[in-house]
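One-letter residues, chain by chain:
There are 2 protein chains.
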Amino acid sequence: MTGAGDDTKHLAEQTISGEKVYGGVLLHVHRDSVLLPDGKPATREYIDHPGAVAIVPIVDGGMILLERQFRYPLGTVMVEIPAGKIDPGEDPFDTARRELLEETGQTAAEWRHLGTIHPLVAYSNEHIELFLATGLTATQAAALDDGEHLETFMLPLSEALEWIRDGRITDSKTMIGLMWAERLRAGLWS
Amino acid sequence: MTGAGDDTKHLAEQTISGEKVYGGVLLHVHRDSVLLPDGKPATREYIDHPGAVAIVPIVDGGMILLERQFRYPLGTVMVEIPAGKIDPGEDPFDTARRELLEETGQTAAEWRHLGTIHPLVAYSNEHIELFLATGLTATQAAALDDGEHLETFMLPLSEALEWIRDGRITDSKTMIGLMWAERLRAGLWS
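For the protein sequence lines, the chains are A and B, in the order given. Here the first sequence stands for residues 281 to 470, numbered as in our numbering. Here the second sequence stands for residues 281 to 470, numbered as in our numbering.
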């Protein structure tokens, strides 16, 4: 299940030593000394992350449930699919159910794991497990985490794809989730 | 050109103070004190990044030029489209031409900017400018940066998409670039 092929050991880097150089509220930064494939030394810095989930929630009739959320690093409100961090020891399926309910107040009749996304391989080990949620039912009011402020709205899948094309949607997990859902809808993927 | 709508000021967070808490070889981490929309204080941590480019290089006949590269944070070799960081003051188009030549030895007859990707909005301000490069010509041997080790190979676009579906390609910019190229090829987008 790797596209890297069998003979990729000659590309590998070897860890010599490592330390945690910053431990914050959210971010945990590591700096390791490594040996490159040619034997030269190098420094690798990266964020250690517990992993996350993202959910493509499809409402009856093909509408997608999306969120508007202020993203501080970018200083702007982004349009995204629901997502959240996996708690220690939590099954990603349970994270997905929990986050969809907390952020949108919806439960889904059918859940499906679509795939794994690595959003930023250069300096984060974060993986995002991507789910498709269909058969949505409004169950309760959204119960946002303390300090979490977001709004939900609905958009036809066709229009959400147009928002990717014209630059109104630029969040990577959202772009991938919507294009993946469209390939399923079109029968290109099963 | 924002999908956030006109009335999103009530979601915004206000910066009170900020400091750089880690300045490394690659990573620059900031920690800011902010006021949330409800007036409560919070801490925001994020990576400050100069931005990057990624290129979907299409060879004659619809083959895609891909790379295998060891990604230390994940401890594995990843399959990716060519990409690289924007130098200070550099035009992203020039970055794209430079990175394609350095990493693959190819020049392209036609260049097109497809869009912008924000790979990780929760804790990085990185933006990736996505380009399509067609009419490739092998110009020189690849001239990798010091410490850069990667291999290139070609795959039909249809097979590369299958690698997304079955989990052999999980890098976000690569997933987006390939699915975008496929929508152009299929005439869904122009």
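Do not take every clue at face value.
All copies of an identical chain are treated as equivalent in the list; a pair is satisfied when it fits inside any one copy or across any two copies.
[Stated by the list, open to error] DMTMM-like mimics (lysine to aspartate or glutamate), calculated; alpha carbons at most 25 Å apart, straight line:
no., residue 1, residue 2
1, K300, D328
2, K320, E370
3, K289, D367
4, K289, E390
5, K365, D318
6, K320, D426
7, K289, D426
8, K289, E370
9, K300, D312
10, K365, E293
11, K300, D367
12, K289, D328
13, K289, E439
14, K320, D287
15, K365, D328
Keep in mind that the hints were calculated from the coordinates and are not lab data.
So, going through the hints one by one against the coordinates:
no.	hint	result
1	K300 x D328	both (9 Å within a copy, 19 Å between copies)
2	K320 x E370	neither (39 Å within a copy, 29 Å between copies)
3	K289 x D367	neither (33 Å within a copy, 31 Å between copies)
4	K289 x E390	neither (40 Å within a copy, 35 Å between copies)
5	K365 x D318	between (37 Å within a copy, 23 Å between copies)
6	K320 x D426	between (47 Å within a copy, 10 Å between copies)
7	K289 x D426	between (45 Å within a copy, 19 Å between copies)
8	K289 x E370	neither (32 Å within a copy, 35 Å between copies)
9	K300 x D312	both (9 Å within a copy, 20 Å between copies)
10	K365 x E293	between (28 Å within a copy, 21 Å between copies)
11	K300 x D367	within (21 Å within a copy, 28 Å between copies)
12	K289 x D328	within (23 Å within a copy, 32 Å between copies)
13	K289 x E439	between (44 Å within a copy, 24 Å between copies)
14	K320 x D287	within (21 Å within a copy, 53 Å between copies)
15	K365 x D328	both (13 Å within a copy, 21 Å between copies)
Checked against the numbered hints given earlier, the structure breaks hints 2, 3, 4, 8 and satisfies all the rest.
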